[in-house]
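Asker: Order-wise, the sequence lines are chains Z and U. Residue numbers are given in this note's numbering: position 315 of the first sequence equals residue 315, and the series is strictly consecutive. Each position in the second sequence, counted from 1, maps to that position plus 1000 in this note's numbering.
Don't take every hint at face value.
Covered, in the sense of this in silico footprint (three residues per stretch, anywhere, with C-beta under 8 Å from a C-beta of chain U), are these stretches of chain Z [as the list claims (entries may be wrong)]: (1) 15-28; (2) 265-275; (3) 330-343; (4) 381-387; (5) 405-415; (6) 434-441.
Calculated directly from the structure, the hints in this document are not laboratory data. Built from N, CA and C at the ideal position, the CB exists for glycine as well.
Take a look at the letters that make up each chain.
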Amino acid sequence: MSTAQRSLPAPVPGIASALVWGAGQLINRQAGKAAFFFVFFAALIGWEMGTGNYYAGMDYTPRSNGGFFVKGLWGLVTLGTQPRQMTVTGLTDGDNSIVLMANGLISLLTLGLLAIVWVWSVRDAARYRAALNGGAPRETSRAYFRRLWEGSFAYIVLSPGLLLIVFMSVLPVLFGILVAFTDYNRDNLPPKNLVNWVGFENFATIFAVPSWTATFVGVLGWTFVWAIIATFTTYAAGFLQAVLLANKKVKFPRVWRSVFLLPWAVPGIVSALVFRSMFNGQFGPISQWFMDVGLTDERIYWFTDPSHPNLARAVALLVNLWLGFPFFMALVGGVLTNIPDSYYEAARMDGAGPLQQLRHITLPVVHRTVAPLLILAFVSNFNNFGVIYFLTQGGPDNADYRFAGSTDLLITWLFNLTLDNRLYNIGAVMSMLIFVIVGTISVWNLNRSKAIREL
Amino acid sequence: MTAQQPLIAPSPDPAPRTRRRRTMPKADRVASAFLHLELLVVAVIVIFPLMWIVGASFSPGTGLANASPIPEDATLDHYVSLFTETDYGRWYLNSLYVATLNMIGSVVLSALCGYVFSRIRFKGRKAGLLGILILQMFPTFLTAIAVYMLFLNFGLLDSLTGLALVSIAAALPYNTWLMKGYTDNLPSSLDEAAAIDGASRWTIFMKIVLPLMRPMLTFVAITQFTMPWMDFILPRLLLQSPEKQTVALGLFAMIEDVYQNAFTTFAAGAVLLAVPITILYIVLQRYLVTGASAGAEKG
Chain Z
1 MSTAQRSLPA PVPGIASALV WGAGQLINRQ AGKAAFFFVF FAALIGWEMG
51 TGNYYAGMDY TPRSNGGFFV KGLWGLVTLG TQPRQMTVTG LTDGDNSIVL
101 MANGLISLLT LGLLAIVWVW SVRDAARYRA ALNGGAPRET SRAYFRRLWE
151 GSFAYIVLSP GLLLIVFMSV LPVLFGILVA FTDYNRDNLP PKNLVNWVGF
201 ENFATIFAVP SWTATFVGVL GWTFVWAIIA TFTTYAAGFL QAVLLANKKV
251 KFPRVWRSVF LLPWAVPGIV SALVFRSMFN GQFGPISQWF MDVGLTDERI
301 YWFTDPSHPN LARAVALLVN LWLGFPFFMA LVGGVLTNIP DSYYEAARMD
351 GAGPLQQLRH ITLPVVHRTV APLLILAFVS NFNNFGVIYF LTQGGPDNAD
401 YRFAGSTDLL ITWLFNLTLD NRLYNIGAVM SMLIFVIVGT ISVWNLNRSK
451 AIREL
Chain U
1001 MTAQQPLIAP SPDPAPRTRR RRTMPKADRV ASAFLHLELL VVAVIVIFPL
1051 MWIVGASFSP GTGLANASPI PEDATLDHYV SLFTETDYGR WYLNSLYVAT
1101 LNMIGSVVLS ALCGYVFSRI RFKGRKAGLL GILILQMFPT FLTAIAVYML
1151 FLNFGLLDSL TGLALVSIAA ALPYNTWLMK GYTDNLPSSL DEAAAIDGAS
1201 RWTIFMKIVL PLMRPMLTFV AITQFTMPWM DFILPRLLLQ SPEKQTVALG
1251 LFAMIEDVYQ NAFTTFAAGA VLLAVPITIL YIVLQRYLVT GASAGAEKG
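When you get a sec, could you build the whole thing from the sequences and use the hints?
Answerer: So, in structure tokens, the structure goes:
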């Protein structure tokens, strides 16, 4: 008996496991392992059978009989075939394209993850048999799992994180990409209507319809201007404060620094809402104060006066400066304490004045350390939802734009498009464009840093 | 601890100073005066808005126009009405719940993932690291609508736990990179010695690497604890019923809906939200600055 088993060719248990997961392991007489793989198999089949309608006896169609997986994949491809209709008996249940799409993606990803287990089971069955045929000793399932814990420690420990990321990040990202290729918007909302695949139509819309193009180009331009100026001003101001604080003449430097760190420590949403109230046109104290001092005759509508878009932009940048400089101040301060005094002493002996020392020692050293963070700050300013949305709400209105105000960044425009105006497809296209821009900048930045090369 | 700090100073504290001389040359005294003048001006600009909102929270009256930095007859009414007339207490507990879950989940998962990516060479390691890097560049919005649909299907909508799960997943790539970068800089001689002594990978992680990761664990813990208090987009999408709101949502609604007559109450709510977080940040600034700069160094 045992000689007969030993001569069994390796692919046999492999094929058995390919058909019924764990069967090959059973042939190999590893019951524990067999049970382990079979549980996944049973779950897959059970889920499909349990959610489907396989015993109804009618003609099989994925739409009416398919379980979670079959119907899911069918839905992902077709996005539904029957809209809700008015019949004699009332409204029929139409297909909800978006639910179908989401379920389709979930089943696709679940199948993908289960495929890993399947390949593992097939390979394990065949390899173990091949090893036995080659004269290797038998191994109990228990010994195998113990070996697995050490040998595949990385995969086992990563799996909870992987699962979370696959379903909470990868899945939504894929979903978002798919929506960009559909006509899912307020004029075509399921379950009343079916959503269809439309190819690159939405991309064409953004670049072909003049009002969309004008908005996109205008908002994109301002987003870049905003990100550049915001990053530069916060860095410059932070640098200046750090250098001043590092001066040995300053009394109580710790107290000063703690005060300057306040804008960074206070939650951003609170600060932004506070500034929004302070700059309120009608009741805000700043407008009032300008009148009291005699700078203006009437109240200034900082964020709502369409004739002064640049005023709103300038104020938003100033508020951002208030919010952003402490972070750079703390960073630069940290670098400054690391510059050895000997550098400055040597410079002084060579007759360099304070400004020259700043220009030729402090600035280069700080800049070398902080440069990657500047890119990071640029990217986060590019997507700075908080300041714009809470402070100006995108205002003042801009008659030339579609669904955007003069201070709207791409990201806040996107928020309005999707949430308030339910133009999901255009919003998805915008997200992809933002991703391309941000991704290009980040990849360029990473390529220069050593983090990637050292992987 | 200082030996393992990546490149940037472990503390932004200035070096201890030598005692100043009592008498300075005149030019120095002028320079010093200007210096302190500048610091004072900046300090006033920094403090004024904060003082104004604190003042507003104690000001009598309800509207924006009533707010003053130093109210003449200060009152605690708004703090009282915050808890008696609005659901502020409820929102606060909700935020606290999400924040705690988010902190625990993030710290545990990112420490594990960071350790594995840093210390173990396995197939798919590089692809995994690059994959999560790319994932992290995707704007949250693109994912938010999809998360909404997903939760709708699984009955997780309007669930604080669901919100915490999404937050953990959203921050996991970045935190993993942080942890990996930090672990890279820890000496590996200790774990090698333990491995030779026959310690399992799990033991090495728990007994040797984890304790050394403490500064970065602290950083991730603070940032992930404070994030849900200020996050707006995801809760706005995922939470709907009035009793499931977070502080950020509640405050925004307060300033949005009834602008004219709830401003001072809003101010009180904002102060209650801001004070604990501000204290946390100021006290732990050392960890926060180090962690942030380490993130830039490594990824």
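Asker: Which of the stated hints cannot be reconciled with the structure, identified by number in ascending sequence?
Answerer: Violated hint: only 1; rest satisfied.
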